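2 protein chains.
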Amino acid sequence: MSQSLKNLERQFHRIAQLDHASTFLAWDQAVMMPDAGMNPRAAALAEIASMRHELMTAPAMGDWLNDAAEDLAKGSIAPALANHVKEMRITWQQSMAMPAELVHAKVIAGSRCEHGWRTQKGESDWKGFLKNFKEVVALGREEALARQAQAPERFDTPYDALLDLHCAGDSQALIASVFSELKAELPDLLKRVLEHQAHQTPKDLSGHYPIKNQQALSESLMSMLGFDFNAGRLDVSMHPFSTGVLGDQRITTRYRETDFADALQATAHETGHASYEAGLPRELSSYPIGSSRNMCIHESQSLLFEKQLFLSRAFGQAIMEPLHKHLPSTASFTADDIWVAQTRVKPSFIRVEADEVTYPLHVMLRFDIESALINGDIEAADIPDAWEASLNSYLGLSTNGDHSIGCLQDIHWTDGAFGYFPSYTMGAVNAAQLSAALKREHTDWQDRYAAGDIGFVREWLSDNIWQHGCEFESQELMKNATGEGSVASHLIEHLKTRYLHETD
Amino acid sequence: MSQSLKNLERQFHRIAQLDHASTFLAWDQAVMMPDAGMNPRAAALAEIASMRHELMTAPAMGDWLNDAAEDLAKGSIAPALANHVKEMRITWQQSMAMPAELVHAKVIAGSRCEHGWRTQKGESDWKGFLKNFKEVVALGREEALARQAQAPERFDTPYDALLDLHCAGDSQALIASVFSELKAELPDLLKRVLEHQAHQTPKDLSGHYPIKNQQALSESLMSMLGFDFNAGRLDVSMHPFSTGVLGDQRITTRYRETDFADALQATAHETGHASYEAGLPRELSSYPIGSSRNMCIHESQSLLFEKQLFLSRAFGQAIMEPLHKHLPSTASFTADDIWVAQTRVKPSFIRVEADEVTYPLHVMLRFDIESALINGDIEAADIPDAWEASLNSYLGLSTNGDHSIGCLQDIHWTDGAFGYFPSYTMGAVNAAQLSAALKREHTDWQDRYAAGDIGFVREWLSDNIWQHGCEFESQELMKNATGEGSVASHLIEHLKTRYLHETD
Numbered sequence: 078m079s080q081s082l083k084n085l086e087r088q089f090h091r092i093a094q095l096d097h098a099s100t101f102l103a104w105d106q107a108v109m110m111p112d113a114g115m116n117p118r119a120a121a122l123a124e125i126a127s128m129r130h131e132l133m134t135a136p137a138m139g140d141w142l143n144d145a146a147e148d149l150a151k152g153s154i155a156p157a158l159a160n161h162v163k164e165m166r167i168t169w170q171q172s173m174a175m176p177a178e179l180v181h182a183k184v185i186a187g188s189r190c191e192h193g194w195r196t197q198k199g200e201s202d203w204k205g206f207l208k209n210f211k212e213v214v215a216l217g218r219e220e221a222l223a224r225q226a227q228a229p230e231r232f233d234t235p236y237d238a239l240l241d242l243h244c245a246g247d248s249q250a251l252i253a254s255v256f257s258e259l260k261a262e263l264p265d266l267l268k269r270v271l272e273h274q275a276h277q278t279p280k281d282l283s284g285h286y287p288i289k290n291q292q293a294l295s296e297s298l299m300s301m302l303g304f305d306f307n308a309g310r311l312d313v314s315m316h317p318f319s320t321g322v323l324g325d326q327r328i329t330t331r332y333r334e335t336d337f338a339d340a341l342q343a344t345a346h347e348t349g350h351a352s353y354e355a356g357l358p359r360e361l362s363s364y365p366i367g368s369s370r371n372m373c374i375h376e377s378q379s380l381l382f383e384k385q386l387f388l389s390r391a392f393g394q395a396i397m398e399p400l401h402k403h404l405p406s407t408a409s410f411t412a413d414d415i416w417v418a419q420t421r422v423k424p425s426f427i428r429v430e431a432d433e434v435t436y437p438l439h440v441m442l443r444f445d446i447e448s449a450l451i452n453g454d455i456e457a458a459d460i461p462d463a464w465e466a467s468l469n470s471y472l473g474l475s476t477n478g479d480h481s482i483g484c485l486q487d488i489h490w491t492d493g494a495f496g497y498f499p500s501y502t503m504g505a506v507n508a509a510q511l512s513a514a515l516k517r518e519h520t521d522w523q524d525r526y527a528a529g530d531i532g533f534v535r536e537w538l539s540d541n542i543w544q545h546g547c548e549f550e551s552q553e554l555m556k557n558a559t560g561e562g563s564v565a566s567h568l569i570e571h572l573k574t575r576y577l578h579e580t581d
Numbered sequence: 078m079s080q081s082l083k084n085l086e087r088q089f090h091r092i093a094q095l096d097h098a099s100t101f102l103a104w105d106q107a108v109m110m111p112d113a114g115m116n117p118r119a120a121a122l123a124e125i126a127s128m129r130h131e132l133m134t135a136p137a138m139g140d141w142l143n144d145a146a147e148d149l150a151k152g153s154i155a156p157a158l159a160n161h162v163k164e165m166r167i168t169w170q171q172s173m174a175m176p177a178e179l180v181h182a183k184v185i186a187g188s189r190c191e192h193g194w195r196t197q198k199g200e201s202d203w204k205g206f207l208k209n210f211k212e213v214v215a216l217g218r219e220e221a222l223a224r225q226a227q228a229p230e231r232f233d234t235p236y237d238a239l240l241d242l243h244c245a246g247d248s249q250a251l252i253a254s255v256f257s258e259l260k261a262e263l264p265d266l267l268k269r270v271l272e273h274q275a276h277q278t279p280k281d282l283s284g285h286y287p288i289k290n291q292q293a294l295s296e297s298l299m300s301m302l303g304f305d306f307n308a309g310r311l312d313v314s315m316h317p318f319s320t321g322v323l324g325d326q327r328i329t330t331r332y333r334e335t336d337f338a339d340a341l342q343a344t345a346h347e348t349g350h351a352s353y354e355a356g357l358p359r360e361l362s363s364y365p366i367g368s369s370r371n372m373c374i375h376e377s378q379s380l381l382f383e384k385q386l387f388l389s390r391a392f393g394q395a396i397m398e399p400l401h402k403h404l405p406s407t408a409s410f411t412a413d414d415i416w417v418a419q420t421r422v423k424p425s426f427i428r429v430e431a432d433e434v435t436y437p438l439h440v441m442l443r444f445d446i447e448s449a450l451i452n453g454d455i456e457a458a459d460i461p462d463a464w465e466a467s468l469n470s471y472l473g474l475s476t477n478g479d480h481s482i483g484c485l486q487d488i489h490w491t492d493g494a495f496g497y498f499p500s501y502t503m504g505a506v507n508a509a510q511l512s513a514a515l516k517r518e519h520t521d522w523q524d525r526y527a528a529g530d531i532g533f534v535r536e537w538l539s540d541n542i543w544q545h546g547c548e549f550e551s552q553e554l555m556k557n558a559t560g561e562g563s564v565a566s567h568l569i570e571h572l573k574t575r576y577l578h579e580t581d
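Residue numbers (our numbering), protein chains in the order written: chain L, 78 to 581; chain V, 78 to 581.
These are computed hints drawn from the structure, not numbers from a lab.
Some hints could be false.
Since the list gives no way to pick out one identical chain from another, each pair is judged satisfied if it fits inside one copy or across any two copies.
Unchecked claim - Distance condition first, Cα-Cα at most 30 Å in a straight line; then the derived DSS-like pairs of lysine-lysine:
1. 211 / 183
2. 83 / 183
3. 289 / 402
4. 289 / 516
5. 83 / 204
6. 204 / 289
7. 402 / 83
8. 268 / 163
Quick caveat: nothing in here was measured; it's all calculated off a predicted structure.
Here chain L stands alone, though its shape is the one from the complex (with noise of 0.2 Å):
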């Protein structure tokens, strides 16, 4: 191995010595730590992420990664390691990528924008808001420049090079030709859905379901998806949320006394999130190579896991047993019941409470605004008028004015974050895509799902996800996993099962 290859995995190890600890300090912030140790938590983290930026921009890093690139070219690295350096480079560069006052600036817009936003919202004082929102929007668009500068090559648009942070390798071009798709059959799809459950009449599931119960679900639940408790933990926090390293994978989950539905789905989507980190290669764990894709694609586990596999009506089956045994108050839900329940549809304005056919419409409509905005074709003044049109045309409502249910709900662009919205609808689309795959591999599955027996969904996303890490960029994962890139086709087939013929 070259000096220039032992040096730079010499450093990415000890970046990763720095994450693991920022990892577990911020997993014990959410999940552990008394209210008072707020101060000296932040300051750890602030200082750890000072070193980490440090060592990720040392001087010598340039140097050894133009050396790693001529021992490349020379043979003294060999090929079969190119895309190990390619990664480092590229990480190494979204590092460099932001000068220090640009930096500094971005955290103090974006904490003023987030704390005024936290009153604004339920004031619905977009006015207010937009005060220190045209700054974070600014400061927005001169990193995607600067980024954009950075990698030209890389990146057509600037609005490209705040997705690279997020959707590495699906550029804003591949997402909307997803996104069209989706746009062309999705509202009339809606349509046809809401005619098709007015016929039904579901169950109500609420009841008094005790926490320490539903906790040992969950846990059931998590085993029977093929979690490692011998390698992980299941918590309480007020988000659910995974985190964690190879060998140690924390998920939380939370729950409500009334409703068992909710904590159990959201345990199967972070099981997903959770499985996926702990299938990555073990022994490159250290380097960009060894992480996940990109949020496109680890957002299609949790879907996966969630949307696919847990909904399903044959898994539906198979909790059964488990849901019965730790909530006996359960007893007279059959299947159907909580299928039936657990699948209504419904247009509304809030994304995080939306389901599984209108979530796109909303994750679209901020797609086309963030893009815009980013890339200069809108101002932030816009933002009103192009929701409302955008909500009007995809589901049908109108905010009224009242911009808490609308353009203020989500925290996301407060403190900058661009470009990440996206990750949560290609999450579904290839969801939906692996599953056909899977299932075309896997004629058997609904007896299988219906019998709990899911470790051939753990092999076939282990042999075609999970193990490749960085490998491959993330069209070309799909491509092998599944014979294409990324296409709307899955998810919308998907649908129409679940929602119109109820056969999945």
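Use these hints to put chain V onto chain L, whose structure you have.
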């Protein structure tokens, strides 16, 4: 403020943030982490330790310390900050004293010896142990000499240089003088206590005490003792411990379903440690001057909470209400029943199970041996004979060659942690002395303890110990608080009062 001091404070602040990370990663490892997290966690902790070492031994550190000394002399640093600079220098010296090869050799030899000990202990295999342990002793002596050579003005003996790591400021000569007072009294006192207690018939307190209820009881006790749950937590671990940072103190205890007294006593003990840490000067928390004085003072705080306060007859009254509330099956036990059962004295082989009267004898035995060993007055091979002789003269016992209950019982020496044992008994000595001074000032202490009103204890300890951090040397601290340096007479008086007169 001078630039040198600014640089030093910045560097120590960064080090403190790495320590924050190690602290909570170690807590997580003991309390939360699943088994498979071990390897990645070990790698992260090792890398953070190495980053810490790099910061501490950075070439500029020596220059900054020299500049700061000059700035002090010139008056560009306020004289009040002299000890701030002095404690930074000592911490730095401690890090610089060990050549890297010696650190490495010590880790290897210590790991090997400790690993072997885990089976050799059970098999009483002294010969097998000795093979590995000889190397640990040789390296311990090398370390002691290296540390002594680096600051000869501070250390009269090589053992002093190891004591410095745990008992800073309390020399071998001082400890030997305190211990010789104890030795002169304790064996005879022990005989009298045994005769006295021969007439008591303690009640059997064993029963079925659900863990959940014991936990609520421990939390009640902590609240009575002034623990702030907004700035800390209680959890469970294999061995009780206390850790954390200012604002976030984490203590642990362990429960047995058949007994409630041990867990409760451990909780009182760890609450003492945590209270000291939580009471250190907030604005100095990143610097050596702001940390706890030494383990002889630290242990005095835990033992003051556990032995002087919690185990007093008076406080025994206060605990009855929460005890009966959380463990209704204790309703038939009186405060006297519990006090008598918890203060039984019996010479035994195992230090960690020893009572308050015999515990110091176990410690003095180890102090005699380890100081002679490090100073080269005896060899490792001489330990079993020396152990047997002291055990007989102090406690009237013989191991009859069973080293598992003799010199192989403790983990401390296996990886070369010489100089720690004395802090247990110096802590008991200091606790009794501080408690005596506190009671002189607050003659109504018995009524207050009985009412569970211990705010005045915390206030007194804060004024006299906690808020001073490392502003004073340990003996100066004791003198300011009690009028004299550490002396054994208060512990002896306390033991007589409690175990002969039953009036504490």
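| query | Can you tell me if residue 402 and residue 83 fall within 30 Å by alpha carbon in one copy, between copies, both or neither? | reply | For residue 402 and residue 83, the Cα distance exceeds 30 Å both inside one copy (54 Å) and across copies (63 Å).
| Intra- versus inter-copy proximity for residue 163 and residue 268 (alpha-carbon distance at most 30 Å) | Classified as neither: same-chain Cα gap 47 Å, cross-chain 77 Å, threshold 30 Å.
| query | Should residue 289 paired with residue 516 be assigned to within, between, both, or neither, using CA atoms and 30 Å as the limit? | reply | For residue 289 and residue 516, the Cα distance exceeds 30 Å both inside one copy (35 Å) and across copies (47 Å).
| request: State whether the alpha carbon distance between residue 83 and residue 183 is at most 30 Å within one copy, between copies, both, or neither. | output: Classified as between; 27 Å across copies, 34 Å inside a copy.
| Should residue 83 paired with residue 204 be assigned to within, between, both, or neither, using CA atoms and 30 Å as the limit? | neither (54 Å within a copy, 44 Å between copies)
| request: Up to 30 Å between alpha-carbons, please classify residue 204 paired with residue 289: within, between, both or neither. | output: neither (45 Å within a copy, 52 Å between copies)
| request: If the cutoff is 30 Å on CA atoms, where do residue 211 and residue 183 land: within, between, both or neither? Let me know, please. | output: Within. Shortest intra-copy distance 12 Å satisfies the 30 Å Cα cut-off; inter-copy 59 Å does not.
| request: At 30 Å max between alpha carbons, let me know whether residue 289 reaches residue 402 within a copy, between copies, both or neither. | output: For residue 289 and residue 402, both the intra-copy (13 Å) and inter-copy (23 Å) Cα distances are at most 30 Å.
When each numbered hint is compared with the structure, violations occur for hints 4, 5, 6, 7 and 8.
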